[in-house]
Amino acid sequence: AQSVSQHNHHVILSEAASLELGCNYSYGGTVNLFWYVQYPGQHLQLLLKYFSGDPLVKGIKGFEAEFIKSKFSFNLRKPSVQWSDTAEYFCAVNAPGTYKYIFGTGTRLKVLA
Amino acid sequence: GAGVSQSPSNKVTEKGKDVELRCDPISGHTALYWYRQSLGQGLEFLIYFQGNSAPDKSGLPSDRFSAERTGGSVSTLTIQRTQQEDSAVYLCASSPRGSTGDTIYFGEGSWLTVV
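These protein sequence lines are chains A and B, in that order. Read left to right, the first sequence gives residues 1 to 113 (my numbering). Read left to right, the second sequence gives residues 114 to 228 (my numbering).
To be clear, the hints were calculated from the coordinates, so they are not data collected in a lab.
Estimated spans, in silico, between C-beta atoms of each pair:
id, chain 1, residue 1, chain 2, residue 2, range
1, B, 130, A, 52, 46 to 52 angstroms
2, A, 83, B, 200, 29 to 35 angstroms
3, A, 68, B, 165, 39 to 45 angstroms
4, B, 198, A, 108, 19 to 25 angstroms
5, A, 77, B, 224, 29 to 35 angstroms
6, A, 16, B, 179, 48 to 54 angstroms
7, A, 16, B, 166, 48 to 54 angstroms
8, B, 198, A, 41, 23 to 29 angstroms
9, A, 108, B, 170, 28 to 34 angstroms
10, A, 62, B, 198, 36 to 42 angstroms
11, B, 197, A, 69, 39 to 45 angstroms
Footprint (simulated), chain A over chain B, 3 or more residues, beta carbon under 8 angstroms:
id, segment
12, 148–160
13, 220–228
Because the structure is a prediction, the values reported are computed rather than measured. Don't be surprised by glycine CBs; every beta carbon is placed ideally from N, CA and C.
Whole structure, please, built from the sequences with the hints as guidance.
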């Protein structure tokens with residue numbers, strides 16, 4: 001069965017610090033990968049997604065993620081975080097040909113002003 | 114509407130009562146999902162609809178949980194004889210086709226507290 005692991009449950013950073021949130025998945029075949037973000041009091045929204053091609057994917061608000069197939073990883077990065085990036089971040093995987101999206105447990109990011 | 118709409122946004126109910134949670138997906142979206150978000154548990158898949166049919170109900174935690182979708186649009190998730198462990202945020206999402214790699218769009222959730 002597919003699963004997604006996010007090892008960092010809580011991250012606290014100061015503004016301008018660099019961010020990397022880990023995401024590992026378990027699935028032997030081709031996958032589609034997603035990062036969703038939930039800002040305080042708001043609904044989950046898509047940050048970026050990877051289907052194929054360039055393993056470095058750029059999303060909104062300066063976020064990017066790199067798919068490393070050999071490591072089954074899809075880590076989220078941002079060179080310089082802002083206070084407004086305070087949110088919960090979820091990694092998700094979807095196997096091609098299926099409808100089910102499997103989510104990780106989320107990482108709560110707090111950025112100190 | 115422009116997004117996925119869920120009601121009620123908050124519900125406090127007594128243990129043993131039944132509750133109904135409603136989801137109005139984005140117009141034209143054929144796929145509809147229910148997830149449950151519990152503290153520290155991430156998003157737990159409950160059920161998926163393609164049109165009015167539910168090809169996968171495997172995520173429903175027990176037979177106290179049921180869901181239906183009518184007219185290819187609105188969906189209702191019903192929890193009978195609620196228990197305290199049912200307390201969670203119930204999230205509804207929709208996508209255009211339910212096909213591989215579709216972006217799924219979430220509602221703001223229904224916060225359920227069972228006391």
